[in-house]
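S.K.: As a plain string of letters, each chain reads:
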Amino acid sequence: MTIFFKNYWAYLSVILSLLVILPIIIIFLFIFHSGSDTWTHLKNTVLTSYIINSLILLIFSALGTLILGTVSAWLVVMYKFPFKKYIEWLLVLPLAIPSYALAYVYSDLLDYGGYLTVIFSFIINTEIKSINFYSIYGAIFVFIFSLYPYVYLLARQAFIAQSGTYLEVAKVSGLNLRSIFYKVSIPLARPALIGGVILVMMETLADFGVADYLGIETFTKGIYKAWFNLGDIISAGKLSIILLITISLIITIEKTLRGKSEYTNDVRSFRNFKLNKLNKFLKIAALVICSIPIIIGFIIPLITLINWSIDSINNVNIYNFFNLILSSFSLALLASLICVAFAIIIIYGVRTNEKIAGPFARIASLGYSIPGAVAAIGVLIPLAWLDNFINDFSLYYFNISIGLILTGSWFALLFAYLVRFLALSMHSVESSFIKIPKSLDYVAKVLGASNSKILTKINARIGLGGISLGLLIVFVDVLKELPATIILRPFGLNTLAIKAHEYAIDERLGDAAIPLLAIIIVCLIPLFILAKGIRE
Amino acid sequence: MKNINLFMIAIVSIFCIGKCWAEEVNLYSARKEHLIKPLIELFEKETGIKVNLVTAKSSQLHQRILREGKNSPADVLLTTDAGNLWKASSENFFQSIDSDTLNSRISPKYRDKNNLWFGLSLRARIFVYSLDRVSKNELKGYKFLSNPIFKNRILIRSSSNVYNQSLIAHMIAKYGEGDIELWAKDLVNNFARDPAGGDRDQIKAIAAGIGDIAVVNSYYIINMLNSDNKGIFDSLGIYFPNDEDMGTHFNISGAGLLINAPNPDNGKKLIEFLASDQGQEIYSNINFEYPVVDYIEIPDVLKKLGSFKEDSINIYEYGRLSFKAIKLADRVGWK
Numbered sequence: 001m002t003i004f005f006k007n008y009w010a011y012l013s014v015i016l017s018l019l020v021i022l023p024i025i026i027i028f029l030f031i032f033h034s035g036s037d038t039w040t041h042l043k044n045t046v047l048t049s050y051i052i053n054s055l056i057l058l059i060f061s062a063l064g065t066l067i068l069g070t071v072s073a074w075l076v077v078m079y080k081f082p083f084k085k086y087i088e089w090l091l092v093l094p095l096a097i098p099s100y101a102l103a104y105v106y107s108d109l110l111d112y113g114g115y116l117t118v119i120f121s122f123i124i125n126t127e128i129k130s131i132n133f134y135s136i137y138g139a140i141f142v143f144i145f146s147l148y149p150y151v152y153l154l155a156r157q158a159f160i161a162q163s164g165t166y167l168e169v170a171k172v173s174g175l176n177l178r179s180i181f182y183k184v185s186i187p188l189a190r191p192a193l194i195g196g197v198i199l200v201m202m203e204t205l206a207d208f209g210v211a212d213y214l215g216i217e218t219f220t221k222g223i224y225k226a227w228f229n230l231g232d233i234i235s236a237g238k239l240s241i242i243l244l245i246t247i248s249l250i251i252t253i254e255k256t257l258r259g260k261s262e263y264t265n266d267v268r269s270f271r272n273f274k275l276n277k278l279n280k281f282l283k284i285a286a287l288v289i290c291s292i293p294i295i296i297g298f299i300i301p302l303i304t305l306i307n308w309s310i311d312s313i314n315n316v317n318i319y320n321f322f323n324l325i326l327s328s329f330s331l332a333l334l335a336s337l338i339c340v341a342f343a344i345i346i347i348y349g350v351r352t353n354e355k356i357a358g359p360f361a362r363i364a365s366l367g368y369s370i371p372g373a374v375a376a377i378g379v380l381i382p383l384a385w386l387d388n389f390i391n392d393f394s395l396y397y398f399n400i401s402i403g404l405i406l407t408g409s410w411f412a413l414l415f416a417y418l419v420r421f422l423a424l425s426m427h428s429v430e431s432s433f434i435k436i437p438k439s440l441d442y443v444a445k446v447l448g449a450s451n452s453k454i455l456t457k458i459n460a461r462i463g464l465g466g467i468s469l470g471l472l473i474v475f476v477d478v479l480k481e482l483p484a485t486i487i488l489r490p491f492g493l494n495t496l497a498i499k500a501h502e503y504a505i506d507e508r509l510g511d512a513a514i515p516l517l518a519i520i521i522v523c524l525i526p527l528f529i530l531a532k533g534i535r536e
Numbered sequence: 537m538k539n540i541n542l543f544m545i546a547i548v549s550i551f552c553i554g555k556c557w558a559e560e561v562n563l564y565s566a567r568k569e570h571l572i573k574p575l576i577e578l579f580e581k582e583t584g585i586k587v588n589l590v591t592a593k594s595s596q597l598h599q600r601i602l603r604e605g606k607n608s609p610a611d612v613l614l615t616t617d618a619g620n621l622w623k624a625s626s627e628n629f630f631q632s633i634d635s636d637t638l639n640s641r642i643s644p645k646y647r648d649k650n651n652l653w654f655g656l657s658l659r660a661r662i663f664v665y666s667l668d669r670v671s672k673n674e675l676k677g678y679k680f681l682s683n684p685i686f687k688n689r690i691l692i693r694s695s696s697n698v699y700n701q702s703l704i705a706h707m708i709a710k711y712g713e714g715d716i717e718l719w720a721k722d723l724v725n726n727f728a729r730d731p732a733g734g735d736r737d738q739i740k741a742i743a744a745g746i747g748d749i750a751v752v753n754s755y756y757i758i759n760m761l762n763s764d765n766k767g768i769f770d771s772l773g774i775y776f777p778n779d780e781d782m783g784t785h786f787n788i789s790g791a792g793l794l795i796n797a798p799n800p801d802n803g804k805k806l807i808e809f810l811a812s813d814q815g816q817e818i819y820s821n822i823n824f825e826y827p828v829v830d831y832i833e834i835p836d837v838l839k840k841l842g843s844f845k846e847d848s849i850n851i852y853e854y855g856r857l858s859f860k861a862i863k864l865a866d867r868v869g870w871k
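Going down the list, the sequences are from chains A and B.
The numbering of the first sequence is the numbering used here, which starts it at 1 and goes up by one.
The numbering of the second sequence is the numbering used here, which starts it at 537 and goes up by one.
Just chain B, same shape as in the assembly (with noise of 0.2 Å):
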């Protein structure tokens, strides 16, 4: 009997030692761990909190909170692209938070409205084209690309991802969905290729002379700037699309306090640390992205690749309209 009680405290104390741990915050990150691993570390050392982290694609873990409930262990979902911050918020995933460093930092813009969600990087998604068979000013926004004269020259990764999803979605709440149905049409005719390989490959793509313009996510081109392939942009252009209706397409990555969190006030402490100075310089440094925070000084690189005029866009609406761009991609053979 006495081995009993021993091996039921024994097992009873196995579960408790995760529970006893001082001050902690569960994290589930669908930014990688590579980009999210020095932040963390910084977060750790100056407040003490230990900081469990779950890293997977954005909508695996989705499914996962959507799966463990209300018992669910995360106190702070960090993902990127509005779509998957504003799904999240459409099945009650989030609580408000009131913070005044965040809505005093993060421009309206930036987050939602009833603050259940923040932004905490911009990228845009721009072109870049080959500066011998490309010039400048045959270059005007994303609708043009459906142009025939760009006819097996557009280079452009699936529409299975999701940078495409809101990027088509973005535009199906610009000029509406009957006409980007015939957009997305024609570009699908366009294509240099079928669609395969990620923003990179497009870019590579350009230099071996598949296709002359690319549809690419900012911070990419740095990544392979600095890296040994930075030699091909010596014959590459950099170009952020724009006319008269829509400007530069942009997407932030973010995060929202779980409306199950354990750890309520270690998780509003983090992604208030996100937002601070600090936060946001790493944060947008680690992996090239524009911080939110307008006066964060912004990496050299990055201010060489140029400056772009953001659509007056509510983000919100990538989420919305997700599904339709899904279906609409579908329907046209993009594949």
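Chain A with its partners taken away, still in its complex shape (with noise of 0.2 Å):
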């Protein structure tokens, strides 16, 4: 028992990594039944391309977001040109356009009589009638421009809680900045960009929309071929425990590399260092690669969105449109607080008993890689089988039928969007975290403060930036969320999301615009929130 009360932390942090964990089990427990037809069927014809195609999207994806992320937080963070504070925190901006969306916008933008067909046409001199968007490039150019802020995020936080100490011995030592950026800063953010890298990667991972408009045939569309359009959820179930063990092995491979080395600041000087000043040229070369991601990420979708919207703003119901608006900030205001609150717990379970705590936080954070539709019925399995206790239950002791009270409310999503979330808002407190010395947890602990109080008083304040990045994360990725709200919905919610996407798949991108439109909006609040942190 006092072996329980002094890891209290780290059990708790057990038990809700475990309650995140049952659907994926569940999802597990698909591998011991037999191959079906089905399965045969998939791996003796479309598999193998699936596969292929996955890896390619999976590793130009993860190449070029953290090339694009790390260059440009390195820029802002070390070097000063024009317009610096407006790009550094206008970098974030593509989080709140949905990939979707930019494969709709640049499809129709290079398609018949799109304006970058003319554009380009009109450069290169000769007629293009039509680019094809819709392939694996597509694709890729997708999730790199909608992605990269995820690993432009962390790398940025990274750079700047870089104590200065390290920057000036590496430059006393002779370094120059380049030799400083490769030996001294990329190492130690590390943990940081390969963070980033594997939020990129089970993103793509788990990605319907983009592939499904794009025609490219990927292992998340193997899953949804197998379960929706054979109707065989076992094989669909075996395909997403192959894409749980792609990720687990990629994130343990990292933590070997990493070996026992520990990223924890412990010179205590947080000074600022100065800012690199460049010359004319350089500043102007500085400000283009920043401002391209901006441009093709955030810019380009924006005013697309808007002149489609223009013709169909007329259809709009505003009090319907307002109260699609207001459910969907809750359900992802409410579905973030959730996770990052799981978030803290965890990490801060983990930091106080890593060998207890450790395993099933990593396993938990496996969610987010398992395509929305599959964590949806790895929730809903479970959740419609206590539902249905619970109804009987009542039916025969009380004769009264109070339906399906987990799965017809927004409990089975909020569950669904924990599941798959969790990982994301675990990464950025991880990484806050990670940055304060434990030594000034084994000084308040020599103090006498209990481990909540440590917490509370100083991991969470230290690591509020982890924290707010992280609710931010979550909201923003919620708001965009589509197979698990479609899945899971009650009646009578709607969001934004759903809405566009039933307008794009029938066809009608300028209805679509709107809610997508209304989606930035959205994001941009708690962005601009974050961004305010930024300049500060």
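Hints were generated in silico from the structure; no laboratory data involved.
Wrong hints could be hidden among the right ones.
[Stated by the list, open to error] Covered, in the sense of this in silico footprint (three residues per stretch, anywhere, with C-beta under 8 Å from a C-beta of chain A), are these stretches of chain B:
| hint | region |
| --- | --- |
| 1 | 563-573 |
| 2 | 581-590 |
| 3 | 718-732 |
| 4 | 808-819 |
[Said to hold, decoys possible] Which chain B residues stay away from chain A? Per the calculated CB distances, all over 10 Å, these:
| hint | residue |
| --- | --- |
| 5 | Ser-666 |
| 6 | Leu-681 |
| 7 | Asp-715 |
| 8 | Val-829 |
The C-beta atom is built at its ideal place from N, Cα and C for all residues, glycine as well.
Grab the two chains, each in its own frame, and use the hints to assemble them into the complex.
M.R.: Below, the structure is given as structure tokens:
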């Protein structure tokens, strides 16, 4: 018992992790079913090409976002150049645009009569009728420019948190800035960079919207096909397991490579370092490099959507639309609060006792790579069982049918978001907690502070940046989420993403533009709050 | 203690509020909200029955009903494609409706033989072709699309779409699986590009010169004719495929009453309303589909498209053969 109390936080962390792991376990149980016809069919026909396509997407999206995110973060943290103050937070904004929206926009702009087709024709001075965006290159393009902010945000925070002392020591030792970048900053920022890239990889693997719209045969599309088209949930489960194993392999390899090195900042001086000045030419170059992702990932899509929406603005019923915004907003807010609360407890539990809580926390964070629809089923199976049990129970003893109180309400949906997005909040909380020297915890403990006090007074305060980043990222992602929401939503709940999706698959992009713009605007609210944080 | 009692009462009453609502019906709809909302509003106004709506893809609603089991709140499942209706009825989702109105208004061709589900609108899968590059007498039935003269000229969306699955199933029923597998192989060789995008994108691709013949659902054409894109139809023709063996492939959207429906009477009323004169007119007008009730006036734009020689097939076949169709498409590399 005393052991339990001593490790109270670690056990609490384990319990919360287990709750999130439950749906993942349910999916894993499918592996014990014997192979069906569908499974053999998929294996013999399409599986190989699904795997190859997914790997290509994975590798290039990861590389692209890593380069784009790290370089832009390094430039804004280390150098002075014009408009830097604005660029620094504008770089976050592509997060507000769902990747499927980016796919709609660019396939249209490059299609027959699209603006970009016309512009390119003019530039190269020969007529092109359309540029085929419906390809794996198109998908890689979409993922790089919509997902790089994950790497940028974490990289930027890591670069800032790197103690100026390290950099000064490096400078005194005669390293120039480029060597500092490669030899000091990048290695030190590694957990953050890898964390960001892993998020990108998970998101790429779990994506359905982009691949579906652009007609790329990916692994996740295979899961949908097995389950929804061929009605074979077991094959779908098996495919999901392969996906999960791939991600856990990547994470494990990373952990092994990282080895035993600790990344906490033991040097106490957080004093700011001096920004480096650039010559005129390099100033412009830095500005251009940092503007490209903003223009492609945010400005062009935004303008296109506004342009589309002009025609359909009259079809909008203001009252319904307001309700739509309200329900999307509250759903996203609630989900992000729950995810971050779980993340703080789990990560803190790991911090107090890595041995007990660590493995569970890592498994719990795998949920992000599960496609939304699969997570939804993992949640639906146990909850529907429990629901039916509760209802039968109350019917039997009280003769009242209370209906399906879990799956028929927001509960199931919020649970699915937790399974899916916990990893996002965990990564941000972890990357800020990891920067807090453990010696602080020990000192507090020697001075008689309890673990809860250490968490609330020290870790949560110093790690506030990571915590709010976690809130923000989950909020934005829930707002854009589609498959789980569609499957689990109760009567009467409609979200902006669903609305946009329904119009888009009905090939009415004009009508889809308005809810998409609303998503962007709602996402911008927390992003501006974050931006304010960045500027201060 | 008192507080706990109050708390319990509060909890119970929260759950009861939904239950105590006078008259309601719960609708699971694969037809998107903007295509069904006007009908729902009219139904609510005329009957005073409140409609609770959830929309999702047909297959997702199917899984949901399956998981919810006997306590599922759904009364009516409204879905597109006969294949989906067949799948739902083969899982015993539906109960038979005994309704003279429905029986007299909807031809047996468009409903289940045990009255488990009823078709409510019709759409045809037809060709759009370039007037410059294709002459009309080159076009025959679907089967002829695999002819080498159409090499690199055919545009059609992915086989993961149910419209194509039903078309393939229909053809398997007509010509046999072996024949159609060979046909599909040749068809894939004739593709102008890897299948991508929706039906409208195929039409746009003709305009862009990527291919010459697109296979699309009838209502997409009208939707495009009603939009800014109508200009591209100046150089495009419309053709209803048809040969000695097979008429034009058509499909339905339809509805059924769920076996555990908590409000079966209201559910029946809703389906009857959708088949009424008023319901049919709006239902087919919103999305430019053909009504299932014979004498209902077809919208003008639809008349202009031309009429089609419906194939004689029994539409359960689409569902029965759908798995075969999907696997066949995978084998021949139809993405």
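S.K.: Mind verifying the non-interface call on B:Leu-681? Its CB should be farther than 10 Å from each CB in chain A.
M.R.: Its Cβ never comes within 10 Å of chain A, the nearest being 19 Å, so this holds.
S.K.: With 10 Å as the threshold, tell me whether B:Asp-715 passes as away from chain A on beta-carbon distances.
M.R.: Correct as stated: the minimum Cβ-Cβ distance to chain A is 20 Å, above 10 Å.
S.K.: Under 8 Å between beta-carbons, do enough residues of the region 718-732 of chain B, three at least, approach chain A for the coverage claim to hold?
M.R.: Answer holds; 4 residues pass the 8 Å Cβ test.
S.K.: Mind checking, does the region 563-573 of chain B have 3 or more residues with a CB under 8 Å from chain A?
M.R.: Three-residue rule met by the region 563-573 of chain B, so holds; n is 4.
S.K.: Beyond 10 Å on every Cβ pair: is that true for B:Val-829 relative to chain A?
M.R.: Consistent with the label, B:Val-829 stays out of reach of chain A, its closest Cβ about 24 Å off (over 10 Å).
S.K.: Go check the region 808-819 of chain B versus chain A for me, would you? Three or more residues, Cβ under 8 Å, otherwise it fails.
M.R.: violated (count 0)
S.K.: Are all C-beta atoms of chain A more than 10 Å from that of B:Ser-666?
M.R.: holds, 13 Å
S.K.: Go check the region 581-590 of chain B versus chain A for me, would you? Three or more residues, Cβ under 8 Å, otherwise it fails.
M.R.: With 3 residues in contact (Cβ-Cβ under 8 Å with chain A), the coverage given for the region 581-590 of chain B holds.
Checked against the numbered hints above, the structure violates only hint 4.
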